[in-house]
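K.L.:
In case you want the letters, here they are:
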Amino acid sequence: MRARVLIRPKAGILDPQGEAVQRALPALGFAGVSDVRVGRMVELEVEDPAQLEAMCERLLANPLVEEYEITS
Amino acid sequence: MKFGVLRFPGSCDDVDALQAASRVGEAELIWHAERDLKGADAIVVPGGFSYGDYLRAGAIARFAPAMESVVEFAREGGLVLGICNGFQVLCEARLLPGALLGNANLRFTSRQVRLEVVRADSAFTCACGAGDDGEDAGTDAGGAGGRRASLSIPAKHAWGRYYAQERTLDELEANGQVLLRYAPGENFNGSLRDIAGVRNERGNVFGMMPHPEHAVDELTGGSRDGLAIFESMRMAVEGAAV
Numbered sequence: 001m002r003a004r005v006l007i008r009p010k011a012g013i014l015d016p017q018g019e020a021v022q023r024a025l026p027a028l029g030f031a032g033v034s035d036v037r038v039g040r041m042v043e044l045e046v047e048d049p050a051q052l053e054a055m056c057e058r059l060l061a062n063p064l065v066e067e068y069e070i071t072s
Numbered sequence: 001m002k003f004g005v006l007r008f009p010g011s012c013d014d015v016d017a018l019q020a021a022s023r024v025g026e027a028e029l030i031w032h033a034e035r036d037l038k039g040a041d042a043i044v045v046p047g048g049f050s051y052g053d054y055l056r057a058g059a060i061a062r063f064a065p066a067m068e069s070v071v072e073f074a075r076e077g078g079l080v081l082g083i084c085n086g087f088q089v090l091c092e093a094r095l096l097p098g099a100l101l102g103n104a105n106l107r108f109t110s111r112q113v114r115l116e117v118v119r120a121d122s123a124f125t126c127a128c129g130a131g132d133d134g135e136d137a138g139t140d141a142g143g144a145g146g147r148r149a150s151l152s153i154p155a156k157h158a159w160g161r162y163y164a165q166e167r168t169l170d171e172l173e174a175n176g177q178v179l180l181r182y183a184p185g186e187n188f189n190g191s192l193r194d195i196a197g198v199r200n201e202r203g204n205v206f207g208m209m210p211h212p213e214h215a216v217d218e219l220t221g222g223s224r225d226g227l228a229i230f231e232s233m234r235m236a237v238e239g240a241a242v
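Residue numbers (our numbering), protein chains in the order written: chain H, 1 to 72; chain F, 1 to 242.
Isolated chain H (complex conformation) (with noise of 0.2 Å):
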C-alpha cells in the first residue's frame, strides 16, 4: 500500500525555515499568517505497514528533535 509520511519539527524547537516563509507571505499580499513549520514528507509503497512505525524512529524521522505523522 502507498503510505505517506509527514516531519516536522517538533514544537518548541526553532524553525527559521518556517520564520522566513512566514515573513516571505506578508510580502506578496497575504495576510493572517501565523506559526509556519517547514518539513519534509516522504512517500514509500510497503507490504506491511506495521513496519511504518519502526521506519519512522530508525531513519526517517530524527525522534529528539522531529514529530511524524504517518497517514495513507
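Below, simulated SDA-like cross-link-like pairs (lysine to any residue); rule was C-alpha separation at most 20 Å, straight line:
1) Lys10(H) with Leu169(F)
2) Lys10(H) with Trp159(F)
3) Lys10(H) with Leu106(F)
4) Lys10(H) with Gly190(F)
5) Lys10(H) with Leu192(F)
6) Lys2(F) with Glu26(F)
7) Lys10(H) with Gln165(F)
Stretch-level coverage of chain F by chain H, calculated; a stretch enters the list once three of its residues show a Cβ under 8 Å from a Cβ in chain H:
8) 53 to 63
9) 98 to 105
Treat the hints as calculated values from the structure; they're not laboratory data.
Idealized CB from N, CA, C, for every residue including glycine.
Given the coordinates of chain H, work out where chain F should sit on it, guided by the hints.
P.N.:
Same frame as chain H, but now just chain F:
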C-alpha cells in the same frame, strides 16, 4: 599511534583530516563499506556531505558498516572524533547527545571562528594549552583564575546549530561535557549555550562543528590551533598505553 579516518561517499574533509592526523601520528583511510578499522587507536569521522546529506545530514552514514565497527570501538572505550558532518553522524548514531539543526541565520557560513576551550582535561583538549596569562584552561567554567585558552578554527556549514533539551544541556554542563564554546559574537549558527563541541559522558567520543583539520597551517588555515585537537588525542592514547 594510528588514526583511522572514515570516508563515506560525499565526504570531502577526510583528505585534510588524513593530512592533519599524519602530522601527529600514522593515519589511514577507512572506506564506509569496510568493517575493519585497521588497528586504529583513534577514529576520525570527517566533515563533508556523506550520502549527499540526503534525508538528514548523517542519517544514512550512521548505518554504514564502518560506523557499526566504530560504535563497537566506542563502546570499548576507543577515542572517536567527529568533525562537522562527523559530529552529525555521531549524534544520529546516538554516540553523542543532541542534534545539529539548520543554522539560525539560514545561510551556509564559512568563516574563521574563535572558540573557547571550556575544559582542557579531556582526551581531545589536553594539548590545548594555557590561557593568555599562563594559567591552565581549567576544570570549571568561569572559575576563579585566568582566561581560558582559545582556538582560531574555520567553520563552514549550513546545518550546525547544536540542540538538546534543557535538562540535557544542564547535565552536559554539570558533567563538564561541553569542551568548546563559540567565543562571544562568534556563534553564527545559533547553537544553544554557544556549544561548539561536546563529549559523551565517558569522555571517549567528541564532536565539534568547526574544522580543526583545516587549521594546521597558518597560511591556509589562519592558525595551527587545529593541530592541538589531534595532538591531544595522541597524548591520550599514548598516556593510556603507558
